[in-house]
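Visitor: In terms of the working numbering, the sequence shown opens at residue 9 and continues consecutively.
Read the hints as simulated data drawn from the structure, not as lab findings. Misleading hints may appear alongside valid ones.
[To be verified] Calculated cross-link-like contacts (lysine-lysine; reagent style DSS-like; alpha-carbon spacing at most 25 angstroms):
#, residue 1, residue 2
1, LYS483, LYS51
2, LYS444, LYS483
3, LYS284, LYS266
4, LYS416, LYS439
5, LYS387, LYS374
6, LYS149, LYS211
7, LYS516, LYS392
8, LYS149, LYS188
9, LYS300, LYS192
[Said to hold, decoys possible] Computed beta-carbon distance windows for the label pairs:
#, residue 1, residue 2, range
10, GLU473, ASP288, 52 to 60 angstroms
11, ASP65, ARG289, 28 to 36 angstroms
12, GLY333, GLU504, 36 to 44 angstroms
13, TYR69, LEU394, 41 to 49 angstroms
14, GLN66, GLU168, 48 to 56 angstroms
15, SER463, LYS387, 36 to 44 angstroms
By construction, the Cβ of each residue, glycine as well, lies at the ideal position given by its N, Cα and C atoms.
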Amino acid sequence: MIIFIFATLIMERRVRVRFAPSPTGPLHIGGVRTALYNYLFAKKNNGDFLIRIEDTDQTRYVPGAENYIIESLKWLGITANEGVGFGDGEHAPYRQSERKPMYKQYAMQLLESGHAYYAFDTAEELDAMRERLKASNVDSKYDAITRMAMKNSITLPADEVQRRIESGEPYVIRIKLPKKEDIKFHDEIRGWVNINTAQMDDKVLYKSDGMPTYHLANVVDDYLMKITHVIRGEEWLPSAPLHVLLYRYLGWEEVMPKFAHLPLLLKPEGNGKLSKRDGDRLGFPVFPLEWKDPFTNEISSGYRESGYLPEAVINLLAFLGWNPGTTQEIFTKDELINAFSLERVSKSGAKFDLNKAKWFNHQYIKHTTNAALAEALNKELTNKGLIFSTEYVEKVCGLIKEKINFIKELWEVGNYFFIDPVSFDEGVIAKRWNDKSPLVIQDIIQLVRSHSDFSAGSFETDYNEALQKNGVTNKEFLQLLRVCLSGVAGGPPIFEMAELFGKEITLKRLQLALDTIRK
Numbered sequence: 009m010i011i012f013i014f015a016t017l018i019m020e021r022r023v024r025v026r027f028a029p030s031p032t033g034p035l036h037i038g039g040v041r042t043a044l045y046n047y048l049f050a051k052k053n054n055g056d057f058l059i060r061i062e063d064t065d066q067t068r069y070v071p072g073a074e075n076y077i078i079e080s081l082k083w084l085g086i087t088a089n090e091g092v093g094f095g096d097g098e099h100a101p102y103r104q105s106e107r108k109p110m111y112k113q114y115a116m117q118l119l120e121s122g123h124a125y126y127a128f129d130t131a132e133e134l135d136a137m138r139e140r141l142k143a144s145n146v147d148s149k150y151d152a153i154t155r156m157a158m159k160n161s162i163t164l165p166a167d168e169v170q171r172r173i174e175s176g177e178p179y180v181i182r183i184k185l186p187k188k189e190d191i192k193f194h195d196e197i198r199g200w201v202n203i204n205t206a207q208m209d210d211k212v213l214y215k216s217d218g219m220p221t222y223h224l225a226n227v228v229d230d231y232l233m234k235i236t237h238v239i240r241g242e243e244w245l246p247s248a249p250l251h252v253l254l255y256r257y258l259g260w261e262e263v264m265p266k267f268a269h270l271p272l273l274l275k276p277e278g279n280g281k282l283s284k285r286d287g288d289r290l291g292f293p294v295f296p297l298e299w300k301d302p303f304t305n306e307i308s309s310g311y312r313e314s315g316y317l318p319e320a321v322i323n324l325l326a327f328l329g330w331n332p333g334t335t336q337e338i339f340t341k342d343e344l345i346n347a348f349s350l351e352r353v354s355k356s357g358a359k360f361d362l363n364k365a366k367w368f369n370h371q372y373i374k375h376t377t378n379a380a381l382a383e384a385l386n387k388e389l390t391n392k393g394l395i396f397s398t399e400y401v402e403k404v405c406g407l408i409k410e411k412i413n414f415i416k417e418l419w420e421v422g423n424y425f426f427i428d429p430v431s432f433d434e435g436v437i438a439k440r441w442n443d444k445s446p447l448v449i450q451d452i453i454q455l456v457r458s459h460s461d462f463s464a465g466s467f468e469t470d471y472n473e474a475l476q477k478n479g480v481t482n483k484e485f486l487q488l489l490r491v492c493l494s495g496v497a498g499g500p501p502i503f504e505m506a507e508l509f510g511k512e513i514t515l516k517r518l519q520l521a522l523d524t525i526r527k
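With the hints as constraints, model all of the structure from the sequences given.
Guide: Written as structure tokens, this is what we have:
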């Protein structure tokens with residue numbers, strides 16, 4: 009018998025989606041992308057986006073992880089309508105550990121309808137069962153066949169089951185899967201998915217400590233919170249048939265949410281899921297914020313601390329698995345909301361590209377106001393005991409922001425605007441310096457000193473006059489002039505740079521270079 013589970017038409021219901029992380033460590037950027045896609049989908053459809061913390065497994069709880077998750081989402085501007093960290097709505101509480109009393113009734117409902125059963129097997133007995141099956145080259149699953157040789161309410165007499173429960177013997181409640189039935193459901197990204205129950209386990213739904221497992225809790229919570237679309241990572245696809253059955257067994261098929269399983273984020277090489285180890289190996293963060301492990305004190309880098317702008321991270325993550333169908337790559341958040349659709353999410357994994365990540369950040373830095381960049385650079389200047397006018401620092405930022413990928417590079421790339429060079433690019437000096445070079449510099453100095461005004465235009469005129477007088481071409485000397493003024497081979501337009509220095513600094517730099525290089 010084939011069970012056909014069709015996606016319910018829910019257009020008349022208000023769209024409601026959720027991001028439901030577990031506080032078991034720092035939030036991976038793959039999780040951030042899941043949150044982003046949920047957020048974009050909700051906003052596109054004038055719906056609600058909520059945050060739920062799935063902490064049913066208290067043994068894996070990591071102190072500080074929940075706050076880290078919320079801070080990460082807020083830094084990125086992925087704001088929820090309701091949920092942990094964003095304010096309670098009518099479906100509070102939003103931590104599963106605080107919802108513990110409400111799950112038992114649904115576990116009991118499944119027991120009473122014959123779709124679940126008590127299991128009393130000890131850890132040792134489960135291990136022994138798996139070893140027996142392994143030795144026989146059989147999949148070591150607790151299923152319709154193997155459960156008949158185990159200690160559960162299917163194989164034990166009813167009075168024995170009652171006695172064990174009343175005596176406080178540990179137990180779990182497992183779903184009772186059909187022996188061989190096809191579970192078919194529609195995924196918004198992958199199309200129709202069909203899995204036979206012979207490939208599935210009788211998963212644990214409820215533990216004797218009163219806590220549900222993820223499978224029961226997430227289905228119950230999605231139902232009670234009126235979730236219309238479950239948008240989550242590909243790793244949950246194998247669990248989806250079990251969840252479909254739970255909706256059926258609990259009588260909620262008519263309001264079962266639509267499923268959309270997102271592709272994996274892959275290593276830059278494309279072979280396998282992106283991990284922290286890949287980031288450490290290749291020198292890029294896989295977490296949105298810096299994370300200090302509370303147990304080992306190990307510090308992992310974050311996008312924020314590495315100098316990425318939140319808007320750039322959002323744009324980067326949006327394109328890791330989705331495309332707009334156009335050549336546009338730079339999107340504001342509102343543009344992403346308007347363009348986003350699940351239909352344009354890829355089925356295949358998306359390779360992380362560090363160079364593309366830097367490119368996105370560079371694009372956003374180019375469009376960041378000079379004032380905002382100057383605020384960051386001024387902090388660096390203050391730390392170094394350097395004081396310059398806000399107007400000057402803003403103009404510097406305007407000249408050099410085309411040359412940087414990260415805000416932290418402002419000082420590294422543009423320090424010569426604030427301090428005299430201590431060295432001059434040896435490669436350029438070796439290639440360009442000759443007997444005529446000192447003569448050209450001396451003539452430029454004399455010409456600049458000969459008139460009171462100083463601008464990019466007047467400096468360029470003096471420069472060209474000195475070249476002509478000494479029979480030197482612009483191609484031969486221009487880069488050398490840059491090195492004399494800044495010490496480095498690359499940078500912003502030379503004459504604009506000199507105008508910002510001002511006449512006195514420009515003359516000082518030329519004389520310094522002349523004296524230093526001639527030694």
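Visitor: CA of LYS483 to CA of LYS51, is that 25 angstroms or under?
Guide: Violated - the C-alpha atoms of LYS51 and LYS483 are around 55 angstroms apart, more than 25 angstroms.
Visitor: Need the status of pair LYS516, LYS392: alpha-carbon distance at most 25 angstroms?
Guide: Judged against 25 angstroms, a Cα distance of about 22 angstroms means the pair holds.
Visitor: Next pair to validate is LYS387 with LYS374; report whether the Cα-Cα distance is within 25 angstroms.
Guide: 20 angstroms, holds
Visitor: Are LYS416 and LYS439 close enough, with their CA atoms no more than 25 angstroms apart?
Guide: Between LYS416 and LYS439 the Cα gap is close to 31 angstroms, so the pair fails against 25 angstroms, i.e. violated.
Visitor: Between LYS444 and LYS483, is the straight-line Cα distance small enough, at 25 angstroms or below?
Guide: 14 angstroms, holds
Visitor: Does the Cβ distance between GLU473 and ASP288 fall inside 52 to 60 angstroms?
Guide: 56 angstroms, holds
Visitor: For ASP65 and ARG289, compare the CB-CB distance with the range 28 to 36 angstroms and indicate the outcome.
Guide: For ARG289 against ASP65, whose Cβ atoms are near 29 angstroms apart, the range 28 to 36 angstroms holds.
Visitor: Mind checking the hinted window 36 to 44 angstroms against the Cβ distance between GLY333 and GLU504?
Guide: Holds - the Cβ-Cβ distance for GLY333 and GLU504, about 40 angstroms, lies within 36 to 44 angstroms.
Visitor: Holds or violated: are the alpha carbons of LYS149 and LYS211 at most 25 angstroms from each other?
Guide: The hint holds at about 9 angstroms.
Visitor: Keeping to a limit of 25 angstroms between CA atoms, is the pair of LYS149 and LYS188 held or broken?
Guide: It holds: about 14 angstroms lies between the C-alpha atoms, which stays within 25 angstroms.
Visitor: Does LYS266 sit within 25 angstroms of LYS284, going by the straight-line distance between their CA atoms?
Guide: The hint is violated at about 31 angstroms.
Visitor: Given a hint of 36 to 44 angstroms, does the C-beta separation of SER463 and LYS387 actually sit inside it?
Guide: 31 angstroms, violated
Of the numbered hints given earlier, the model fails hints 1, 3, 4, 9, 14, 15; all others are met.
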